[in-house]
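J.: Below, each chain spelled out in residue letters.
2 protein chains.
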Amino acid sequence: MPKIVDHEMQKVKVAKATWRIIRKYGMEQASVRNIADEAGISVGSMRHYFSTQSELLAYSMKLVSENVGRRIRNINFSGDLIIDIPNLVQEILPTNEEKRLEMEVWFAFVVKSMSDSSLRGHRNEVDDDLRAIFINIMEGLTEKGLAKSELNIPIEIERFYALIDGLAIHAILRPDKVSSEMIQRTIQIHLDSLCIP
Amino acid sequence: MPKIVDHEMQKVKVAKATWRIIRKYGMEQASVRNIADEAGISVGSMRHYFSTQSELLAYSMKLVSENVGRRIRNINFSGDLIIDIPNLVQEILPTNEEKRLEMEVWFAFVVKSMSDSSLRGHRNEVDDDLRAIFINIMEGLTEKGLAKSELNIPIEIERFYALIDGLAIHAILRPDKVSSEMIQRTIQIHLDSLCIP
Numbered sequence: 001m002p003k004i005v006d007h008e009m010q011k012v013k014v015a016k017a018t019w020r021i022i023r024k025y026g027m028e029q030a031s032v033r034n035i036a037d038e039a040g041i042s043v044g045s046m047r048h049y050f051s052t053q054s055e056l057l058a059y060s061m062k063l064v065s066e067n068v069g070r071r072i073r074n075i076n077f078s079g080d081l082i083i084d085i086p087n088l089v090q091e092i093l094p095t096n097e098e099k100r101l102e103m104e105v106w107f108a109f110v111v112k113s114m115s116d117s118s119l120r121g122h123r124n125e126v127d128d129d130l131r132a133i134f135i136n137i138m139e140g141l142t143e144k145g146l147a148k149s150e151l152n153i154p155i156e157i158e159r160f161y162a163l164i165d166g167l168a169i170h171a172i173l174r175p176d177k178v179s180s181e182m183i184q185r186t187i188q189i190h191l192d193s194l195c196i197p
Numbered sequence: 001m002p003k004i005v006d007h008e009m010q011k012v013k014v015a016k017a018t019w020r021i022i023r024k025y026g027m028e029q030a031s032v033r034n035i036a037d038e039a040g041i042s043v044g045s046m047r048h049y050f051s052t053q054s055e056l057l058a059y060s061m062k063l064v065s066e067n068v069g070r071r072i073r074n075i076n077f078s079g080d081l082i083i084d085i086p087n088l089v090q091e092i093l094p095t096n097e098e099k100r101l102e103m104e105v106w107f108a109f110v111v112k113s114m115s116d117s118s119l120r121g122h123r124n125e126v127d128d129d130l131r132a133i134f135i136n137i138m139e140g141l142t143e144k145g146l147a148k149s150e151l152n153i154p155i156e157i158e159r160f161y162a163l164i165d166g167l168a169i170h171a172i173l174r175p176d177k178v179s180s181e182m183i184q185r186t187i188q189i190h191l192d193s194l195c196i197p
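In the order they appear, the protein sequences are chains E and C. If you count the first sequence from 1, position 112 lands on 112 in full-length UniProt numbering, and the numbers rise without skipping. If you count the second sequence from 1, position 136 lands on 136 in full-length UniProt numbering, and the numbers rise without skipping.
Chain E with its partners taken away, still in its complex shape (with noise of 0.2 Å):
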């Protein structure tokens, strides 16, 4: 009789061992063969779970982009906007290891959706998605008052949103250089600097 075993959980699995080999060789090494032994399943069992190379990349993409959406429902907001906009904008931000590993995949995947039309409109979603908090952030501290009143609302929105990816590759790239000490006070400068004192 045949194992009973969780399909999704094994996608996730494979998923998962897909990362590990692009973080340590790189995505020129992502073939099926070397995310099969990473996993430790054969090649053959490997086509139950992902007709194709491609349908992997795909699924380990969005695997990334929904670990990130679901840590961002999970956020216990306060209501209280100068205490909730630094812990969701932290959630985008590499502050562990878990999420550094997620974030240099994404880097990785969001270089191959340059020459990969096929990752493009996953990209292109989760893009839309991260500026929509950022739409967000500016609307929330504009309606309750806080947000200075000579703000030019779209350019600030581009502002906070290209800062925190800006702030992301450089945490990735330079951890010496780039602290989660020094990303969490400059959150708390380019905040403050919105709102009126």
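Worth double-checking, as some hints may not be accurate.
Counterexamples of contact, computed for chain E against chain C with all Cβ distances above 12 Å [stated by the list, open to error]:
| no. | residue |
| --- | --- |
| 1 | H48 |
| 2 | L81 |
| 3 | L146 |
Chain C is faced by these chain E residues, among others (derived, beta-carbon under 7 Å) [said to hold, decoys possible]:
| no. | residue |
| --- | --- |
| 4 | Y25 |
| 5 | G26 |
| 6 | I72 |
| 7 | R73 |
| 8 | K112 |
| 9 | E158 |
| 10 | A162 |
| 11 | L163 |
| 12 | D165 |
| 13 | G166 |
| 14 | I169 |
| 15 | T186 |
Derived by calculation from the structure, the hints in this document are not laboratory data. Glycine included, C-beta positions come from ideal geometry on N, C-alpha and C.
Following the hints, put chain C in place on chain E, whose structure we already have.
T.: Okay, now just chain C, sitting in the frame of chain E:
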């Protein structure tokens, strides 16, 4: 009699073919054979210029940063920081097709450097050079008495640099959402926010 060819010019030609391959097909396709085909030379003569693929990739990566450095050195500074800073910062942003190609290729090399330690030294040198630009900007604003007195300079250096890197990525990935005009206004608003009105 052999034709006299400029060895260095041929290396640049091969490096630019490498950029085009990376941009069109991704780092996965940056093989010596594909690059030789793109450059219109034989695999045999490639060995004349680069003994390994790794040497070729390192050279192609360095050519990107050298081009950015040359553009910065060629800026005619006016001496007025409020004019010079936006001009300087624009040179590291993808505001035209040439810089766009270079920046896409640069990000591909940055991602490759995460798993390929041979590229990491140069990546960190360039990161140090770019960070030095923002150190100079913040020190210049302070010395000329233009910066607000309450600024936390180390944080403002990272905040400005991260903003610019984030804008660069967004401009590459979503030119529909982040236009050159929007980049210009964002830089202006950021600079204004650092300075005494």
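J.: If a hint holds in the structure, say so; if it does not, say that too.
T.: Structure-based check of all given hints:
Listed as a non-interface residue, E:H48 keeps its Cβ farther than 12 Å from every Cβ of chain C; the least gap is roughly 25 Å. No beta-carbon of chain C comes within 12 Å of the beta-carbon of E:L81; the shortest separation is about 20 Å. Annotated as non-interface, E:L146 keeps its C-beta farther than 12 Å from every C-beta of chain C; the closest such distance is 16 Å. Of the supplied interface hints, the one on E:Y25 holds, with its beta-carbon coming within about 5 Å of a beta-carbon of chain C, less than 7 Å.
Residue-level restraint check for E:G26 holds (minimum Cβ-Cβ distance to chain C is 4 Å; threshold 7 Å). Interface restraint check for E:I72: the shortest CB-CB distance to chain C comes to about 19 Å, outside 7 Å, so the restraint is violated. The restraint placing E:R73 at the interface with chain C is violated, with a minimum CB-CB distance near 24 Å, outside the 7 Å limit. The closest approach between the C-beta of E:K112 and any C-beta of chain C is roughly 6 Å, which is under the 7 Å cut-off, so the hint is satisfied.
A cut of 7 Å between beta carbons decides the hint on E:E158: the least distance to chain C is about 6 Å, and the hint holds. Interface hint at E:A162: satisfied, since its Cβ lies 3 Å from the closest Cβ of chain C, which is below the 7 Å cut-off. This hint holds: E:L163 has a C-beta 5 Å from the nearest C-beta of chain C, less than the 7 Å allowed. For E:D165, the interface hint holds, since its Cβ comes within 7 Å of a Cβ in chain C; the closest pair sits about 4 Å apart.
Evaluation of the E:G166 hint against chain C yields a held restraint, the C-beta minimum of about 3 Å falling below 7 Å. The closest approach between the C-beta of E:I169 and any C-beta of chain C is roughly 6 Å, which is under the 7 Å cut-off, so the hint is satisfied. Interface restraint check for E:T186: the shortest CB-CB distance to chain C comes to about 5 Å, inside 7 Å, so the restraint holds.
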